[in-house]
Amino acid sequence: MEGVTYEGVSQANGNKEVTEGDPKDDEDDNVLDVKAKPMFNEDIPWKKQLPILGMRYWQVLPSGLNTFETRNLGESYGVDMEKKTCTYRIWQMNGYGCVHSVATISYVNRDVEAFVDPLYCACIYMNTYKYSIGSMNGSAMWPPIDYIPPLPPLRRKMPGRPTIKRKRDGTEVSGSYRVSKAGKKMVYGVCKKSSHNKSTCDAVSKP
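Per this note's numbering, the sequence shown starts with residue 1, numbered consecutively.
Any given hint might turn out to be false.
Cut-off 25 angstroms, straight-line C-alpha distance, at most; resulting in silico cross-link-like pairs (BS3-like, lysine-lysine) [said to hold, decoys possible]:
| id | residue 1 | residue 2 |
| --- | --- | --- |
| 1 | Lys181 | Lys192 |
| 2 | Lys157 | Lys167 |
| 3 | Lys193 | Lys181 |
| 4 | Lys198 | Lys181 |
| 5 | Lys167 | Lys181 |
| 6 | Lys185 | Lys198 |
| 7 | Lys198 | Lys184 |
No lab work stands behind these hints, which were simulated from the structure alone. This structure is a prediction, so every number in the text was calculated from the model and none was measured.
Modelling step: build the complete structure from the supplied sequences, incorporating the hints.
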């Protein structure tokens with residue numbers, strides 16, 4: 001329990017340090033998680049920029065009011081900008097646009113940042129970690145109890161003879177510690193020919 005409390009307090013304090021300071025005027029600076037802005041943050045890794053790099057390969061076709069269809073070769077997905085949904089379902093899962101939604105938002109000349117879920121904003125992040133975890137004394141300071149302290153279960157003898165060999169991995173060959181010669185072509189060292197040995201070689205003189 002002490003270890004769980006320590007980890008929780010350390011995590012909460014670390015998150016509070018990230019959110020210290022007043023919110024900035026730039027909305028992009030208030031987004032703390034780098035995954036929330038993979039298409040407009042210049043400092044993120046290369047793989048985080050894949051949505052904006054890959055959207056050029058997708059063709060956007062209007063199919064109704066705020067609904068579009070994105071196509072690329074044999075793939076096709078529907079995007080609803082009003083509901084912020086995509087049939088690829090990455091937009092709903094992550095809270096920020098996938099390559100299909102980014103292509104659609106750029107097609108209508110809208111700001112991609114406006115379609116990021118508010119949960120990635122600094123104000124929401126700070127509100128989550130505003131509560132503190134109370135301090136707790138160590139086990140040496142806990143008051144004694146009149147009940148029997150919880151003990152681990154008794155060791156139970158399993159039926160059958162106990163195993164003395166270790167459990168092998170599924171890829172290990174059982175019953176042998178040598179490398180198998182299956183599929184290897186053997187060559188006799190005297191005549192330098194394959195598929196026979198000393199007893200069946202014609203080049204070796206028979207007694």
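25 angstroms Cα cutoff - pair Lys193, Lys181 | holds, 17 angstroms
Holds or violated: are the alpha carbons of Lys157 and Lys167 at most 25 angstroms from each other?
-> Measuring from Cα to Cα gives roughly 19 angstroms; hence the hint holds.
25 angstroms limit on alpha-carbon distance, applied to hinted pair Lys181 and Lys192 | holds, 18 angstroms
25 angstroms limit on alpha-carbon distance, applied to hinted pair Lys167 and Lys181 | Holds, at about 24 angstroms.
Given pair status - Lys184, Lys198, alpha carbons within 25 angstroms | Between Lys198 and Lys184 the Cα gap is close to 18 angstroms, so the pair holds against 25 angstroms.
Within 25 angstroms, alpha carbon to alpha carbon, are Lys198 and Lys181?
-> The hint holds at about 18 angstroms.
25 angstroms Cα cutoff - pair Lys185, Lys198 | holds, 15 angstroms
Of the numbered hints given earlier, the model fails none.
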